[in-house]
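Engineer: Each chain, written out:
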Amino acid sequence: MEINEEHLLHMKEFERNQKWFIENFKRILDEYREKFVAVWNQRIIDADTDLKSLSKKVKERTRSAKGVYVGYVSEKPVEMILCG
Amino acid sequence: MRINGFFRNDAGYVNALLFSEEMEISETIEFLVDTGASRTTLLDKDAIYLGIEYGKLRKSEQDMSGIGGSVETYVIDGSVLLFGEYGIKTSVFVLKHPLEEMNEEERIKILRFPSILGRDVISRFRLIFDRVKGELLLTKEE
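Protein sequences, first through last, are from chains A and B. Every position in the first sequence, counted from 1, becomes a number in my numbering once 2 is added. Residue numbers are given in my numbering: position 41 of the second sequence equals residue 24, and the series is strictly consecutive.
For the record, the hints were derived by calculation from the structure and aren't laboratory data. Nothing here was measured: the structure is a model prediction, and the numbers come from that model. Possibly wrong hints are sitting among the right ones.
In silico PhoX-like cross-links for lysine-lysine, where the CA-CA straight-line distance does not exceed 25 angstroms [as the list claims (entries may be wrong)]:
#  : chain 1 : residue 1 : chain 2 : residue 2
1  : A       : Lys68     : A       : Lys14
2  : A       : Lys37     : A       : Lys78
3  : B       : Lys116    : B       : Lys79
4  : A       : Lys54     : A       : Lys68
5  : B       : Lys79     : A       : Lys21
6  : A       : Lys78     : B       : Lys39
7  : B       : Lys39     : B       : Lys72
8  : B       : Lys123    : A       : Lys14
9  : A       : Lys59     : B       : Lys79
10 : B       : Lys42     : A       : Lys37
11 : B       : Lys123    : A       : Lys58
12 : B       : Lys92     : A       : Lys28
13 : B       : Lys42     : A       : Lys21
14 : A       : Lys54     : A       : Lys37
15 : B       : Lys123    : A       : Lys68
16 : A       : Lys68     : A       : Lys37
17 : A       : Lys54     : B       : Lys123
18 : B       : Lys72     : A       : Lys54
19 : A       : Lys54     : B       : Lys92
20 : B       : Lys39     : A       : Lys68
21 : A       : Lys59     : A       : Lys14
22 : A       : Lys21     : A       : Lys37
23 : A       : Lys61     : A       : Lys78
24 : A       : Lys14     : B       : Lys72
25 : A       : Lys59     : B       : Lys116
26 : B       : Lys72     : A       : Lys68
27 : A       : Lys14     : A       : Lys78
28 : A       : Lys58     : B       : Lys116
29 : A       : Lys68     : A       : Lys21
30 : A       : Lys61     : A       : Lys21
31 : A       : Lys59     : B       : Lys39
Chain A regions said to be covered by chain B (calculated; three or more residues, Cβ under 8 angstroms) [as the list claims (entries may be wrong)]:
#  : stretch
32 : 22 to 33
33 : 41 to 48
34 : 72 to 78
In this text, a Cβ means the ideal position worked out from N, Cα and C, and glycines have one as well.
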């Protein structure tokens, strides 16, 4: 496996999905509050409160899907101090 | 060379493709730019979504400090982080919090933490972190 043009395309697809998630967050919040959502092709393809279950479902549905963005939908901010 | 990041609320992030031939990983990850972290580290959300098999990874000699104390730490040796067309070879650490021992609230808290771009990568660049202008850049003279 080598890094190739396809990997760069997957990265661009990820960034499109990430941007879509951020820009549509308020609308997504209404329907998917406190859930993990998977975004692909600039739409939500699945959602679940359990991340492992979501990962399994997404991989089953879209075997070759690359560039899927996974986000958690919540109004509560993430508060953290991370260091090491 | 310039790597553009972005802000969400007051936190700065960059995207990078994590590539590991040995682990057959090639996925884009959203990294929090964290100058307080010594090592670039995948946190539980990304590790779980990617389906990382911890048993196939090298266990780190030293566990990292995580939420609530020491956390099992693994290493993906020989990884490449790709920023656009610019690749950086580094060992990426992987944290495994004991999620099964946590209550729902704690579990979700951990799973919301982003993966971290640490000083092993940041220090190779000049970092511009200007929240006022909305400018987050990692630059390097060619």
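Engineer: Hints first: check each against the structure and report whether it holds.
Structural biologist: So, going through the hints one by one against the coordinates:
For the hint linking A/Lys68 to A/Lys14, the alpha-carbon distance of about 10 angstroms falls within 25 angstroms, and the restraint holds. Proposed proximity of A/Lys37 and A/Lys78 is supported: the alpha carbons are some 12 angstroms apart, at most 25 angstroms. Proposed proximity of B/Lys116 and B/Lys79 is contradicted: the alpha carbons are some 36 angstroms apart, above 25 angstroms. For the hint linking A/Lys54 to A/Lys68, the alpha-carbon distance of about 17 angstroms falls within 25 angstroms, and the restraint holds.
For the hint linking B/Lys79 to A/Lys21, the alpha-carbon distance of about 28 angstroms lies beyond 25 angstroms, and the restraint is violated. Only pairs whose Cα atoms come within 25 angstroms are accepted, and A/Lys78 paired with B/Lys39 is rejected, the gap being roughly 35 angstroms. For the hint linking B/Lys39 to B/Lys72, the alpha-carbon distance of about 20 angstroms falls within 25 angstroms, and the restraint holds. In summary, the hint linking B/Lys123 to A/Lys14 is supported, as the alpha carbons are separated by about 22 angstroms, within the 25 angstroms threshold.
A C-alpha spacing of about 22 angstroms is found between A/Lys59 and B/Lys79, which places the hinted pair at or below 25 angstroms, so the restraint holds. The straight-line distance between the Cα atoms of B/Lys42 and A/Lys37 is roughly 31 angstroms, outside the 25 angstroms bound, and the hint therefore fails. Restraint check for B/Lys123 and A/Lys58: not satisfied, since their Cα atoms lie roughly 39 angstroms apart, outside the 25 angstroms limit. For a cut-off of 25 angstroms, the pair hint linking B/Lys92 to A/Lys28 stands: about 20 angstroms separates their Cα positions.
For the proposed pair B/Lys42 and A/Lys21, the alpha carbon gap of about 35 angstroms is over 25 angstroms, so the pair is violated. For the hint linking A/Lys54 to A/Lys37, the alpha-carbon distance of about 12 angstroms falls within 25 angstroms, and the restraint holds. Note on B/Lys123 and A/Lys68: the hinted pairing is violated, with a Cα-Cα distance of about 29 angstroms set against a maximum of 25 angstroms. Between A/Lys68 and A/Lys37 the CA atoms are separated by roughly 21 angstroms; this keeps the pair inside 25 angstroms, and the hint holds.
Restraint check: the Cα-Cα separation between A/Lys54 and B/Lys123 comes to about 38 angstroms, which exceeds 25 angstroms; the hinted pair is violated. With a CA separation close to 29 angstroms, the supplied pair B/Lys72 and A/Lys54 exceeds the 25 angstroms bound. Of the pairs offered as hints, the one joining A/Lys54 and B/Lys92 holds, with about 15 angstroms between alpha carbons and a cut-off of 25 angstroms not exceeded. A hinted pair counts as satisfied when its Cα atoms are at most 25 angstroms apart, and B/Lys39 with A/Lys68 qualifies at roughly 22 angstroms.
For a cut-off of 25 angstroms, the pair hint linking A/Lys59 to A/Lys14 stands: about 23 angstroms separates their Cα positions. The hinted pair formed by A/Lys21 and A/Lys37 meets the criterion: a straight-line CA distance of about 18 angstroms does not exceed 25 angstroms. Only pairs whose Cα atoms come within 25 angstroms are accepted, and A/Lys61 paired with A/Lys78 is rejected, the gap being roughly 28 angstroms. A distance of roughly 21 angstroms separates the Cα atoms of A/Lys14 and B/Lys72; the hinted pair therefore holds under the 25 angstroms criterion.
Among the hinted pairs, A/Lys59 with B/Lys116 is inconsistent with the structure: their alpha-carbon atoms are about 40 angstroms apart, more than 25 angstroms. Of the supplied pair hints, the one linking B/Lys72 and A/Lys68 holds, its CA atoms being roughly 22 angstroms apart against a limit of 25 angstroms. Between the alpha carbons of A/Lys14 and A/Lys78 the distance comes to roughly 28 angstroms, so the proposed pair goes past 25 angstroms and is violated. With a C-alpha separation of about 40 angstroms, the suggested pair A/Lys58 and B/Lys116 falls outside the 25 angstroms cut-off, and the hint is violated.
Note on A/Lys68 and A/Lys21: the hinted pairing holds, with a Cα-Cα distance of about 16 angstroms set against a maximum of 25 angstroms. About 22 angstroms separates the Cα atoms of A/Lys61 and A/Lys21, which keeps this hinted pair within 25 angstroms; it holds. A C-alpha spacing of about 23 angstroms is found between A/Lys59 and B/Lys39, which places the hinted pair at or below 25 angstroms, so the restraint holds. Beta-carbon proximity to chain B at under 8 angstroms applies to 1 residues in the stretch 22 to 33 of chain A; the threshold of 3 is not reached and the given coverage is violated.
With a threshold of 8 angstroms between beta carbons, the proposed coverage of the stretch 41 to 48 of chain A by chain B is violated, since 0 of its residues qualify and at least three are required. Note: the stretch 72 to 78 of chain A has 3 residues with beta-carbon separation from chain B under 8 angstroms; the three-residue rule is met and the coverage holds.
Comparing the model with each numbered hint stated earlier shows that hints 3, 5, 6, 10, 11, 13, 15, 17, 18, 23, 25, 27, 28, 32 and 33 do not hold.
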